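**Q** Here is how the chains run, residue by residue.
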Amino acid sequence: MDSNRSDRRRFLRSAALAGLAVGAQKSASAQGLTDTSAPGAPPNTHAHGQLAPHAAPAGRGVTKSITHTTYYTPLADSVGIITPSSLHFMQSHSRLPEIDPAKYSFIIHGMVERPLAFNMDDLKRLPSVSKIRFLECLGNSSPRRHVSEGKPNSTPVTVQYTHGIMSCNEWGGVPLSVLFKEVGVKKEASWLVAEGADGSKYTYAIPLSKAIDDCMVAYLQNGEPLRQENGFPARLFVPGFGANHSVKWLRRIMIVDEPYMTWDQSVHHSAARADMGYKSRWFNFVWPPKSVITRPSAGLKLNAPGYYEITGLAWSGWGKVRKVDVSVDGGKSWKEAKLQDPILPMAHTRFNFDWTWTGEEAVIMARCTDDQGEVQPTLAELNRHWGREEKDRLEPKSNTHYWNAIQPWKIAKDGSITDVLFA
Amino acid sequence: MCYSLRFFVPLVTVGAILLAVPGVGLAQRAYSNVGRTPSQEEIQALGVIADPSGKNLPPGKGTPKEGGELYAKQCAACHGKTGEGGVADQLVMGAPGAPHRGMFKDTDRHPISFFAYSTTVWDYINRAMPANRGGSLKPDEVYAVVAYLLYMNGIIKETDVMDERTLPKVQMPNHDNFLPAKPVWPPNPKKPSWY
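Order-wise, the sequence lines are chains V and E. Residue numbers for the first sequence, in the numbering used here: 1 to 423. Residue numbers for the second sequence, in the numbering used here: 1 to 195.
Since the hints were derived computationally from the structure, they do not count as laboratory data. Quantities reported herein were computed from a predicted structural model and do not represent experimental measurements. For each residue, glycine too, the CB sits at the ideal point set by N, CA and C. Among the hints, erroneous ones may be present.
[As the list claims (entries may be wrong)] Okay, the calculated beta carbon distance ranges per label pair:
no., chain 1, residue 1, chain 2, residue 2, range
1, E, T37, V, P156, 22 to 32 Å
2, V, W334, E, N188, 28 to 38 Å
3, V, G331, E, N188, 42 to 52 Å
4, E, A30, V, N352, 40 to 50 Å
5, E, A95, V, D257, 33 to 43 Å
6, E, D160, V, L33, 50 to 60 Å
7, V, K103, E, G135, 16 to 26 Å
8, V, W334, E, P96, 56 to 66 Å
9, V, A274, E, T37, 25 to 35 Å
[What the hints assert, rightly or not] As a list, the in silico DSS-like pairs of lysine-lysine whose alpha-carbon atoms are at most 25 Å apart:
no., chain 1, residue 1, chain 2, residue 2
10, V, K186, E, K105
11, E, K105, V, K279
12, V, K335, V, K279
13, E, K182, V, K187
14, V, K279, E, K169
[As the list claims (entries may be wrong)] Listed next, the stretches of chain V that the computed footprint assigns to chain E, with coverage defined by at least 3 CB atoms under 8 Å from CB atoms of chain E:
no., stretch
15, 156 to 162
16, 323 to 332
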């Protein structure tokens, strides 16, 4: 353990020296902290913990196209609410940038009194916060995820692929409210535009009141530096909103006075709504209340009748989960599940429910109610409100954002489990 | 590099004031010796993010004909010979002189004629295209390829020249088909958020 610590110190020291070297080239004054402790013990292969030799936890699944690379969190094996960093979902639209943190900085400019560049030393000195919050891609559990295309290499319909573009981590960093005081945001400003350093210069606009309320520039994920694919060394973090707002590899924040109509947000992420005469809905922002039973779930098999705990996750971008109801008879009757501490706003909440499978056919599902009183809708309710027929959803290519329909899993007499959302 | 004077002049002025009165900027700050004032060159090097009305577009110009030549070399491999789509998005719906009429019911099709703002076409191509070489096109090249795509979608004429003044004036046929017309936060709390 001592050697672990020394190893870490040595790493920090060399990282700090690298930072100083770059600073010297830029003829900037030395800022930040330097580790001045004694050199560490000999190299230690356990400086970062390894999986046990015989442990074989489920890994992430993947789909790839020229415009989207997606890694899916294996939800069926999850307990608790924290996703290991190595299993956090990832979606990217272009090549991942490799950024040297010693050379990294991002700039806040636009409608400010004084534009400023912040490097990693600056971020680590400023007042910090950490929050356990979910992140969910706005395309998660979209209808296309519920239909196997039947092609070779197409993904199976399991909870990993229907709901796995979401995760929940502890994110640490500097509140935007702190950074905004430093740059002096002008009072006429009302939006920001955040740009990433990836190949597509991924860009999203965010209302300034939300940014000041609870957003941060995050540099820690579950107590470690961000994973490369999750925005190393620093990203925007916008709790409760579709994950697309949390721009990775943050390059700049431009303060402006109107929503900029970037392609990602105003074109790619706007979608036709039949109930609105096929006008396109855009700037949806918040993930509405949602839940899913992670175990038992499609792709698993119950080998014999008997006791099985039903467990799952519930969350809402509006706040905390108030309650989760579970039905084991296809929605005819509902009973309240036990919520497990902690119950945090805009975070996954774990629910558990005692259940004994008799060996008969059963359809199990969960329904989330959040602390605003909003209730997760059934597929029929969603379709009615959106003016869509259910067959619209069955198109394997059909794509809908912020999809939060109640998710039913059917257990057959032989114990096999399938997704029956569209059945 | 070419940048609009309207964008450049105010920033220089702010910089000059800060240099002239060194204490002024620091006095209002809560945390001492944190962050660094970037040079004007550094801010300019970040490039333009175009605003919807195109006020900060850089000078430059291009025609559909020039853009067509560039499209064939740098875009057609992924987006199809005439923008019909390939491994990457379909860009053209409608035809020269015959723009697409009607609503876009397919949520996965986002040709140029779907865009609400002509400046969005310029902004995305300028910063993100060609894929993984974003930022490599010069302003004249961006105006040209934007002109080509607007022409192919039937939105402008073959003889139209796109520059920092003409592009923002292009009326996009689908402009009024987005809701809410003016994005607001927070949204109307009376409706369920999934409505």
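**Q** Does the Cβ distance between W334/V and N188/E fall inside 28 to 38 Å?
**A** 29 Å, holds
**Q** For the hint 40 to 50 Å, verify it against the beta carbon of A30/E and that of N352/V.
**A** Holds - the Cβ-Cβ distance for A30/E and N352/V, about 45 Å, lies within 40 to 50 Å.
**Q** Three or more residues of the stretch 323 to 332 of chain V near chain E by CB distance under 8 Å?
**A** With 0 residues in contact (Cβ-Cβ under 8 Å with chain E), the coverage given for the stretch 323 to 332 of chain V is violated.
**Q** Can the restraint linking K279/V and K169/E be considered satisfied, given a maximum Cα separation of 25 Å?
**A** 23 Å, holds
**Q** 33 to 43 Å was suggested as the range; check whether the CB atoms of A95/E and D257/V agree with it.
**A** 38 Å, holds
**Q** Within 56 to 66 Å or not, the Cβ separation of W334/V and P96/E?
**A** 58 Å Cβ-Cβ, so the 56 to 66 Å window holds.
**Q** Can the restraint linking K182/E and K187/V be considered satisfied, given a maximum Cα separation of 25 Å?
**A** Cα-Cα ~20 Å, so holds.
**Q** Three or more residues of the stretch 156 to 162 of chain V near chain E by CB distance under 8 Å?
**A** With 0 residues closer than 8 Å to chain E, the stretch 156 to 162 of chain V misses the three-residue bar; violated.
**Q** When you take the CB atoms of D160/E and L33/V, is the distance between them in 50 to 60 Å?
**A** 58 Å, holds
**Q** Can you confirm whether the C-alpha distance between K105/E and K279/V stays at or below 25 Å?
**A** 8 Å, holds
**Q** Between T37/E and P156/V, is the Cβ distance one that fits in 22 to 32 Å?
**A** Hint violated: Cβ distance 54 Å, outside 22 to 32 Å.
**Q** Honestly, do A274/V and T37/E meet the 25 to 35 Å range at C-beta?
**A** 52 Å, violated
Of the numbered hints stated above, those contradicted by the structure are hints 1, 3, 9, 10, 12, 15 and 16, listed in ascending order.
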